[in-house]
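Each chain, written out:
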Amino acid sequence: MFRTTIISAALITSALVGAQVVQADDAKPYTVVDGVKVDAKTMEGFRVWREANCAACHGPNQEGLVGPSLIKSLQVLSKDEFVTTITAGRLERGMPAWNANKRVMDNIDSLYAYLKGRSDGAITRTKPEMIAQ
Amino acid sequence: MNLNRITMLLVGAALVAPVASQANDDLAAKIKDSKNWAAQAGDFANHRYSSLNQVTTANVNQLQVAWTFSTGVLRGHEGSPLVIGDMMYIHSPFPNKVWAYDLNTLQIVWKYEPKQDPAVVPQMCCDTVNRGLAYAEGKVFLQQADTNLVALDAKSGKVVWSVKNGDPKLGAVNSSAPHVFKNKVFTGISGGEWGVRGFMAAYDINTGKQAWKGYSVGPDEEMLMDPEKTMTWTDGKMAPVGKDSSLKTWKGDQWKIGGGTTWGWYSYDPSLNAMFYGTGNPSTWNPAQRPGDNKWSMSIWSRDVDTGKVNWVYQMTPYDEWDFDGINEMILADIPVHGKETKALSHFDRNGFGYTLDRTTGALLVAEKYDPAVNWATHVDMKTGRPQVVAKYSTAKNGPDVNSKGICPAALGSKDEQPASFSPDTKLFYVPTNHVCMDYEPFKVEYTAGSPYVGATLSMFPAPSASKDQKDGTMGNFIAWDGGTGKIVWSKPEKFSVWSGALTTKGGLAFYGTLEGYIKAVDAKTGKELWKFKTPSGIIGNVFTYEHKGKQFVGVYSGIGGWAGIGMAAGLEKDTDGLGAVGGYKELNKFTELGGSLTVFAIPGK
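In the order they appear, the protein sequences are chains A and B. According to the numbering used here, numbering within the first sequence proceeds without interruption in unit steps and concludes at 134. According to the numbering used here, numbering within the second sequence proceeds without interruption in unit steps and concludes at 622.
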């Protein structure tokens, strides 16, 4: 999965000399060019974020609202903890369980890639765009 | 045909009249006694007016705090307490606590706190608000967030009956206040952002048995609509809605998840035996997924109180493209309209137009902008009743994944739920308004039962200044409005949206609260500010008044929250684009903090 992303990112890198590229690796599940262009998987994560209306609680830029800042949370949470939180929710604190939502559950890795990229500061705009094919 | 109908109505009225005169005279009498604040609006007509006149334009500056009460609940405090004789009934947002509070001793007589599934909390779109209680015949009615409608014994706080009004697992929740008209308690439903299909329901006040339920969209029989008898404004006159008036304005089965929720303040005219309310936005916010007029979302309704049959209906915003949710209150006032005395209904819609209709027939009389910033439509065509949409602000024309910029008003409307007041002394409406615009980018969203079904990203910001008195960057006005001509009489700018319900009094005053936390009194004739006091938190509750032991009191909840104030918990550190409701309201951090309380004022010694 990651390997595919790395290869496509490498191809893009050769085409875009001088562009600033963050490539996916074990610690970084996303590929970003110039802070705003992302790989297809990360882009899908943005779409899921938008459709699930996460911004209503976590803020339009993930900086927190009635829910916590995901910029900060994803600096602390492991991937496993992230998946558990999304799946089971934290009902007493207002976080719903998404286990019955197929769109979210099928794309939980994408969602993580996008939010991790935002949290790391690698994706500099809330709404990224796709790396040109 | 018409003659037959009139005869039938007369016969019907004659048969119903004896029952009507007995059922719930109690509440009508308690409302008539202005010492009480017996209903959320103070009356059935949504006037929010009191004939108490100890506090006047001459002495209002002597108002001082008489006592305060903490609810112990954070988040937004909307609505107001009720006062029945010596007892005040106080409520809180989720978990929806209720207190009976003895005004003689200032002691809690009983407290009710329901057990509710915390999973309800994230199903509430715009903070966990509750807009208050209703009272009738020794019972206090609470509409819980989890949709349970509960009747409490007013003396003991014990549950008399409880009925489930919707399924919170599907996003159907309640934030609105129940309303008692005659022998029924009326409640609607929230969840337009979850694809909930809206309805109005009536329950027997003594048993909780459902008397009728009428949907906002769908087949005629489920809306309790008679294709031949239910009327609507058509080519400059009233005409029957015809068969399948809702179904034929939706593509496929979209109406089943089509919204049209009903979470506003309802009103009742005993002489017409009719109740009035508005329906909300169609679901989703992405118009591309629901071509058609989406009837009867975004509409003003008149229903028979006893049967629920729809007398007339008028759609304000066909094919919504902006979330101009039409639930705001219908104010029933007898006013001159274009010079002619009229039994009118006035309504300040989220879409920025102030409407006046003939409440008997449903005929459209006035539709004018009540904030000069409104730009999404040039005007309402008075013949068709349709707003004339400006192409560049049409999020449907611009399409999904395109950001339509600079639309005024924003989705939270030129006014949201914060209710206006009508003074029979000045014959004017006093309207708390938002002065906010938005960028709106719709996107495709799949429906998943119980998950958000929004489908648009919004960014909100202050509108351009509306008058020479208004500084750039301010976000609200408190206005006086002539409903008969559709003109602003005066306008008082405020830094933030005015998100509290207004109160007018015989003392020549209009009261309202601000998001910074001030309660203010102005001269109802001129708008001149006469008094203000900073309460513990931002005000989104409604100002109310009552008399106890010969003295007039004025009170209001403070407790910032709601859609406008929800960003308070954010603690945002830097300016970025796309802040939604948060952006413009971010500065609230400088003025106030979360925390629910009630502050009650009186003139010392008076």
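There may be inaccurate statements among the hints.
Now the in silico label distances, taken between C-beta atoms and shown as ranges [what the hints assert, rightly or not]:
(1) Met131(A) / Thr394(B): 20 to 26 Å
(2) Glu237(B) / Gly122(A): 56 to 62 Å
(3) Asp110(A) / Ala465(B): 20 to 26 Å
(4) Leu122(B) / Asp110(A): 53 to 59 Å
FYI, nobody ran anything at the bench for these hints, they're computed from the structure. Quantities reported herein were computed from a predicted structural model and do not represent experimental measurements. Glycine included, each C-beta is placed from N, C-alpha and C at the ideal position.
Comparing the hints with the structure gives:
1. Met131(A) / Thr394(B): 20 to 26 Å: Given a distance of about 38 Å, which is not inside 20 to 26 Å, the answer is violated.
2. Glu237(B) / Gly122(A): 56 to 62 Å: This hint holds: roughly 57 Å between Cβ atoms.
3. Asp110(A) / Ala465(B): 20 to 26 Å: Taking Cβ atoms as reference, Asp110(A) and Ala465(B) lie about 24 Å apart, which means the hint holds.
4. Leu122(B) / Asp110(A): 53 to 59 Å: Holds: the Cβ-Cβ distance is about 58 Å, inside 53 to 59 Å.
In this structure, only the earlier hint numbered 1 is contradicted, and the remaining ones agree with it.
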